[in-house]
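Chains as they are written, first to last, in this note's numbering: chain R, 1 to 180; chain Z, 1 to 196.
Simulated from the structure, these hints should not be mistaken for laboratory data.
Beta carbons: idealized from backbone N, C-alpha and C, even for Gly.
Examples of chain Z residues lying across from chain R (beta carbon under 8 Å, computed):
1) 46
2) 60
3) 64
4) 184
5) 193
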Amino acid sequence: MHARADAADTAPNWHDDIFATLQRFDVRQVPYVPDAGHSKLIQRVLGSSSMRGIPLTTEEEGVALLAGAWTGGQRGVLLMQSSGVGNCINMLSLIPILRFPFLTLVTMRGEWGEFNPWQVPMGSTTQGVFELSGVKVLRASNAAEVPAVLEAAAAQAYNALTPTAVLLSQRLIGAKVFTK
Amino acid sequence: MSKANLLDRRQVVSALLANRKDVVAIGGLGASTNDITAAGDHARNFYLWGGMGGAAMIGLGLALAQPKLPVLVITGDGEMLMGMGSLATIGLQKPSNLSIVVLDNEAYGETGGQTSHTSAAADLVGVARACGIVDSRAISTMAEVEAFAKAVHDVTAGPRFANVKIDSANVERILPSRDGTYIVNRIRGDLGFQPI
Chain R
1 MHARADAADT APNWHDDIFA TLQRFDVRQV PYVPDAGHSK LIQRVLGSSS
51 MRGIPLTTEE EGVALLAGAW TGGQRGVLLM QSSGVGNCIN MLSLIPILRF
101 PFLTLVTMRG EWGEFNPWQV PMGSTTQGVF ELSGVKVLRA SNAAEVPAVL
151 EAAAAQAYNA LTPTAVLLSQ RLIGAKVFTK
Chain Z
1 MSKANLLDRR QVVSALLANR KDVVAIGGLG ASTNDITAAG DHARNFYLWG
51 GMGGAAMIGL GLALAQPKLP VLVITGDGEM LMGMGSLATI GLQKPSNLSI
101 VVLDNEAYGE TGGQTSHTSA AADLVGVARA CGIVDSRAIS TMAEVEAFAK
151 AVHDVTAGPR FANVKIDSAN VERILPSRDG TYIVNRIRGD LGFQPI
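If we strip away everything but chain Z, and leave its shape as in the complex, we get (with noise of 0.2 Å):
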């Protein structure tokens, strides 16, 4: 299954978020949440655990609220492809301060490891710029991902697009809070907001 030459999705969550600074990071529903948590709890950290197909959407609202903040979403191929409308929403607003990361394993991890439709049919970098984000790229290099890190800190040149080329390897699963509630708090308190 596993092919060469595939970057590991640990050290591509690490690279994107090692200079993070005042980045807002939204987890997709499963691994890629686990990652983020893997590069380091922060106070800045949207972890996803149900609404599969939300997390692009959560980070178009987060980026129009907070049009100076940069917002990364990092999520998989499986929840991209559940929520693939919201390509074309996102390229209908432009915020110019998201950037959507998708770790691309051509498989569905949690569930079994279960054939997604990237590996042999979708190709989420043609359908993100079809959905008019210009900046959509295919990264298959470590120094694609850290080049693209940096672009994440530009609020004026978005929205942008990544699909990352992952291997398939299980990796130890590290586990967030689970607490939805503390999560959004914890971000709004970060970001100067009163609880009600």
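If we strip away everything but chain R, and leave its shape as in the complex, we get (with noise of 0.2 Å):
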């Protein structure tokens, strides 16, 4: 699991600071792709009454959910993996096009300590995958960021209707580790 995190930068409730943010942003559908670095998130959403959390086959499922949220009347946020992003790519197309307020939190691999090089690739091309497709790149690196990233992303995201990703740093949740 989550081994070797830096415990300066770590502290234990940074999940429950993005969960306070999406419940004051009104966010009501949470599409998620199962991922050790949400877990904690994905267990508050399923645990809320306002809140309905959705597992995905894969990640561009939840960019249509979203707009099909969006035009009966609600808000949504996607939580993904970096490597899901780029399952995303054609369906992030219809964010400009519909215009839909678009969140997306995204725990990163492929940096920070990354042991696996199955994960480099897409982990390093995340940020420019997003920015070409026209979404705006917020970045946390440590926990004690992550409130105000949360609040800057969500106002702009739903407020400005300016798509918005927040990669959640591997630094942040810590390097996944698997070898001796």
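Quick one: dock chain against chain with the hints and give me the complex.
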């Protein structure tokens, strides 16, 4: 699991800070592809009475789902991992065309002490893929900055219809370690 | 190529939308969006011109946001095959107000009529049922289409799925608006939501 997190940088409650922000912005639909970095947030969502956690089979489903949610009057947020961003590329075209509020929280792999080379190519291009697709990118690298970054991201996504991705860095989450 | 006794796509869609009342209808990328337009432009029509594979998920997001409204996705076999995983996602959520109709001509009509997987291997009704959509039907008559059209209005008994075998004739293109923001905001306005 997530060993080797930087103790000084990692407070245990940053998931709660994210959840509180999403609640305050009246987020109702939370599509996700299961991911260790998001697991505590997913538990909070599944235990919530106001949010609906929606497991997906692939990340691009979540982009289309959020378009439908907005058409029906609800806000949502897509939870995924950096490798899933690549699965979304064509579906991201719906965002500028339909002009719906898009917020995604992305746990990063392929950086900061990664042990698995297969995660590096997509992790290295995640930010570029978003920017080429018209999605603004913000990053949270330590627990202390999570609340401010989430607040800024949610505000510009939902209030200014500015599609936004928050990259939750591997330094924040803690690099996954399977090796000895 | 064309087989006997297959249904006409425009007749099928006209029957599905003839007495639509408050239904929100979502077309798939391709001819199904034109079919919905041919049945009559409507403030609650969602025309998909891109994002192939997304129609059923747009329907799911809308159905979950508006659980008392009947939401009807009308798409093609190629579009549904591309988003086949979404049937598993829908089967898990079980939105009781969502109905999905696939107009299955066993071909990619928009791109030259190349054969699709449903012609020989893929049974979409079987897939939908195996994904947990209990009410999954294969439809081959107009009477069955009309019965399904009535069922769409029961927002307590879905989700439901129908695969309708249609003939592969090319029909006149009747094109709706391509302005996605207009399409979405028109539906939102009709549902009572103000612009931001």
